[in-house]
Amino acid sequence: MRFADFVCFEAIIPELKAKDRNSVIAELVSALDKAGRLGKHNREGITKAVIEREKEASTGMGKGVAVPHVKHPAVKDVVATVGQSSVGIDFSSLDKQLVYSVILLISPVNNPDKHLQAMESIFKHLQQEKFRKFLRQSETAEEIEDLLREADENPSL
Amino acid sequence: MQAEENTLKKVICEMEVEIKNADGLHMRPAMQFVDIANQFDCDIAVSNSENSVDGKSIMQMSMLAATCGTKLKIKAEGADAPQAVNALQKLVEEEHFDEPTPSGQKKC
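Protein chains in written order, with this note's numbering: chain A, 1 to 157; chain G, 1 to 108.
Among the hints, a few may not be true.
As the list claims (entries may be wrong) - Mimicking BS3-like on lysine-lysine, the simulated pairs with C-alpha atoms at most 27 angstroms apart in a straight line are:
1. A:Lys71 - G:Lys20
2. A:Lys130 - G:Lys56
3. G:Lys90 - A:Lys114
4. A:Lys96 - G:Lys56
5. G:Lys56 - A:Lys63
6. A:Lys114 - G:Lys73
7. A:Lys71 - A:Lys17
8. G:Lys10 - G:Lys71
9. A:Lys48 - A:Lys34
Said to hold, decoys possible - From the structure, some residues in chain A lie toward chain G, with a derived Cβ separation under 7 angstroms:
10. Pro112
11. Gln117
12. Glu120
Derived by calculation from the structure, the hints in this document are not laboratory data.
C-beta: ideal position from N, C-alpha, C; glycine also.
Extracted from the complex, chain A is given alone in its bound form:
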């Protein structure tokens, strides 16, 4: 799967206002909601569900990135967005480091394989140091979109 297949570019936040984990999740869910990707009246429920999932086990996988996610009936297809923080957010990451790039992923409940494919695309690139660096250096939503589209064309990025 390609980023362009599931990332909602309109909902990218190049500099998150929120400074803590729960508010970052709320801010990213709101951005997807504003872009019309979460159906009606699901914003609060999805925010809560993502935070609950995060409490079970941190999705801060180390190296300054986190991938909060949840499966929720509000969506028919996987949808994701990206938020960046220049100050860093405490996500209780595995390596105890702050998180600068957050990818929020909402997946339908009845399609586990699609969720796995989206995760595969995300981690294929997140584990590349170059990709993480470029993502962190991106200052505008357009730059982030360009990077994701470039990554779709270039598997080594």
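Knowing the structure of chain A, use the given hints to seat chain G on it.
Using the frame of chain A, we list chain G on its own:
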């Protein structure tokens, strides 16, 4: 399972396992896998038909996108390789990560 032992050579142990839980190897199961893998000293590589990744890295394991029914090859190298492979096989196939397997007719 094949294990070759030699006092001078490394112990190498390989086994194929099949993902049994309906949701596949998503992040929580991947973390359980990595937690167990890290209890052993041996190197652990896990591969599907396309990629071979470090079984001790959560980011790399998440990259496998192993759906229900996917077969993965676990290759361990080091003195405790047989124990590691056995523990991981138990987690994946016997305990299926403490998650439900597909119900009834819907087999994967």
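Okay, the hints, checked on the actual structure:
1. A:Lys71 - G:Lys20: Holds - the C-alpha atoms of lysine 20 (chain G) and lysine 71 (chain A) are around 19 angstroms apart, at most 27 angstroms.
2. A:Lys130 - G:Lys56: At roughly 21 angstroms apart (the allowed maximum being 27 angstroms), lysine 56 (chain G) and lysine 130 (chain A) satisfy the hint.
3. G:Lys90 - A:Lys114: 26 angstroms, holds
4. A:Lys96 - G:Lys56: The hint holds at about 18 angstroms.
5. G:Lys56 - A:Lys63: It holds: about 15 angstroms lies between the C-alpha atoms, which stays within 27 angstroms.
6. A:Lys114 - G:Lys73: 22 angstroms, holds
7. A:Lys71 - A:Lys17: 25 angstroms, holds
8. G:Lys10 - G:Lys71: 25 angstroms, holds
9. A:Lys48 - A:Lys34: Holds - the C-alpha atoms of lysine 34 (chain A) and lysine 48 (chain A) are around 17 angstroms apart, at most 27 angstroms.
10. Pro112: Since the shortest Cβ distance to chain G is 4 angstroms, the answer is holds.
11. Gln117: Holds: closest Cβ of chain G sits about 6 angstroms from glutamine 117 (chain A), inside 7 angstroms.
12. Glu120: 3 angstroms, holds
When held up to the earlier numbered hints, the structure conflicts with none and fits them all.
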